[in-house]
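Build the full structure now, drawing on both the sequences and the hints.
Line order of the protein sequences matches chains X and W.
Adding 655 to a residue's 1-based position in the first sequence gives its number in my numbering.
Adding 578 to a residue's 1-based position in the second sequence gives its number in my numbering.
FYI, nobody ran anything at the bench for these hints, they're computed from the structure.
Note that this is a predicted model, so its numbers are computed, not measured.
Please note that the accuracy of each hint is not assured.
Heads up, incomplete: computed chain X residues facing chain W, CB under 10 Å, no partners named [said to hold, decoys possible]:
| hint | residue |
| --- | --- |
| 1 | 661 |
| 2 | 741 |
| 3 | 760 |
From the three backbone atoms N, C-alpha and C, an ideal C-beta is built for every residue, glycine too.
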Amino acid sequence: AQSVAQPEDQVNVAEGNPLTVKCTYSVSGNPYLFWYVQYPNRGLQFLLKYITGDNLVKGSYGFEAEFNKSQTSFHLKKPSALVSDSALYFCAVRPGSARQLTFGSGTQLTVLP
Amino acid sequence: GAGVSQSPSNKVTEKGKDVELRCDPISGHTALYWYRQSLGQGLEFLIYFQGNSAPDKSGLPSDRFSAERTGGSVSTLTIQRTQQEDSAVYLCASSSGGQGNYGYTFGSGTRLTVV
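Next comes the structure, spelled out in structure tokens:
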């Protein structure tokens, strides 16, 4: 069965500094990987995905993620954090054989002014 | 519609009562998913509908939970004889591809509180 781990419940970073939100996965076969963001009292919003091709994926709001097959990781990154990036971030995986996404437990990102 | 619409946005119910949660997906999206988000937890898959195929109910936690999707559009999630552990935010999502490779569009959720 597939699984996703987000090892950090909380990440704090100063505005202007680079940020990383970690994600590792376990899945049989080639993974399809996703990042979603949830702002307070809102539904989840799609940020980016990796299906095939380039290991570095660029998404919305200046975010990017790097697929690392050997480390089974898909960390979310941004070169310069904004206070408005503060939100709950979810990593998700779908193995080729499944139809639904399996989500991690989420990481609360707080960007301090 | 322009987005995924869920109603009600908040629901408080007494233990033992039945509740119905509604999801109106994006027009033309063939796939519809229900997830549950409990406090401090990730998203738990409940059920998946794709077109006219039989739904994947593998995530439903008990037989008190059921869902239907009428006419390939609106979906209703029903919880019978609600329990306090059912309290959570219930999220609906739809996608245009059956495999979800296009990413899901989520609704804002229904916050269910069982007292």
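Now the hints, each set against the structure:
1. 661: Residue 661 (chain X) check passes; min Cβ-Cβ to chain W is 8 Å, inside 10 Å.
2. 741: Violated, because the Cβ-Cβ distance from residue 741 (chain X) to chain W comes to roughly 18 Å (cut-off 10 Å).
3. 760: 4 Å, holds
Hint violations for this structure: number 2 only, all remaining hints satisfied.
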